[in-house]
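S.K.: As a plain string of letters, each chain reads:
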Amino acid sequence: MPTEGKEAGAPRAGTLLDAQVPTCSPDESVSALQGRLQSSSDFCVVLNPARIVLGLIQPSDIKAISKLKAAEVMQIAPKTVRPSVPLQSLIESLRSSKKDLALVTNPEGKLMGVVRLQVLEQHPLVKTIQNVGAS
Amino acid sequence: MYQQVTLEEVTKLMRDEKAQLIEVLSHSEYEREHLPGSINLPLSELNSESVRRLDRERPVIVYCFDYQ
Chain A
1 MPTEGKEAGA
11 PRAGTLLDAQ
21 VPTCSPDESV
31 SALQGRLQSS
41 SDFCVVLNPA
51 RIVLGLIQPS
61 DIKAISKLKA
71 AEVMQIAPKT
81 VRPSVPLQSL
91 IESLRSSKKD
101 LALVTNPEGK
111 LMGVVRLQVL
121 EQHPLVKTIQ
131 NVGAS
Chain B
1 MYQQVTLEEV
11 TKLMRDEKAQ
21 LIEVLSHSEY
31 EREHLPGSIN
41 LPLSELNSES
51 VRRLDRERPV
61 IVYCFDYQ
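Residue numbers (this note's numbering), protein chains in the order written: chain A, 1 to 135; chain B, 1 to 68.
Honestly, the hints are just simulated from the structure, not real lab data.
Don't take each hint at face value.
As the list claims (entries may be wrong) - Derived lysine to aspartate or glutamate pairs resembling EDC-like cross-links, with alpha carbons at most 20 Å apart:
| id | chain 1 | residue 1 | chain 2 | residue 2 |
| --- | --- | --- | --- | --- |
| 1 | A | Lys6 | B | Glu31 |
| 2 | B | Lys12 | B | Asp55 |
| 3 | A | Lys6 | B | Glu33 |
| 4 | A | Lys6 | B | Glu29 |
Stated by the list, open to error - Computed spacing ranges between beta-carbons, pair by pair:
| id | chain 1 | residue 1 | chain 2 | residue 2 | range |
| --- | --- | --- | --- | --- | --- |
| 5 | B | Arg52 | A | Gln118 | 48 to 56 Å |
| 6 | A | Arg51 | B | Ser50 | 33 to 41 Å |
| 7 | A | Ala8 | B | Tyr2 | 24 to 32 Å |
| 8 | A | Arg51 | B | Glu9 | 22 to 30 Å |
| 9 | A | Thr23 | B | Gly37 | 34 to 42 Å |
| 10 | A | Glu121 | B | Leu43 | 29 to 37 Å |
| 11 | A | Thr23 | B | Pro36 | 32 to 40 Å |
| 12 | B | Leu43 | A | Lys67 | 43 to 51 Å |
| 13 | B | Arg58 | A | Val119 | 42 to 50 Å |
| 14 | B | Gln3 | A | Asp18 | 29 to 37 Å |
| 15 | A | Glu4 | B | Arg52 | 22 to 30 Å |
| 16 | A | Lys99 | B | Ser50 | 34 to 42 Å |
| 17 | A | Ala8 | B | Glu9 | 21 to 29 Å |
| 18 | B | Arg58 | A | Glu72 | 50 to 58 Å |
A virtual CB, placed ideally from N, CA and C, is assigned to each residue, including glycine.
Could you put the whole structure together from the sequences, leaning on the hints where they help?
M.R.: Below is the structure:
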């Protein structure tokens with residue numbers, strides 16, 4: 001539906017999220033994850049059966065020991081944002097916290113996708129906002 | 001009694017039954033962006049007084065942020 005208001009139509013996290021996100025269960029072995037992380041993206045989201053985010057695994061979290069499970073190496077409570085967050089404030093938040101990405105979840109904590117700072121900064125919609133703000 | 005409705009049903013209810021559309025987000029969020037024709041009634045201000053302006057004879061549709 002069309003909207004009204006001062007920022008009607010402004011892009012939000014839900015507009016630019018990438019729904020194709022590597023995921024794993026908390027019981028998955030790190031050795032299995034290592035192969036997946038090397039061949040695909042640079043992170044993996046740990047989900048429970050209801051697709052609620054439990055943690056985040058990045059290559060730096062995986063050490064030499066591969067007998068561990070995902071739940072034992074994951075970063076607990078990773079940064080998540082709602083799809084309604086305006087992109088400009090999301091970019092500022094990611095920059096200030098020195099994060100490359102944010103997981104987008106619904107109010108129940110279920111994973112919807114991911115937004116990457118690099119992609120946000122390059123998107124034409126965001127570039128337009130930044131140019132307007134600078135003028 | 002309430003029920004969850006689809007976007008299609010919202011459009012139909014507003015067109016055919018003059019449903020009242022209520023946004024329960026804050027005033028600042030409403031000013032930023034809202035659905036045309038909606039009334040702003042933030043959750044924190046929802047009480048027996050504030051809902052008096054609603055017409056009990058027409059359906060009431062309440063919405064918030066939800067991208068599902």
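S.K.: What hints, given by number in increasing order, does this structure fail?
M.R.: none
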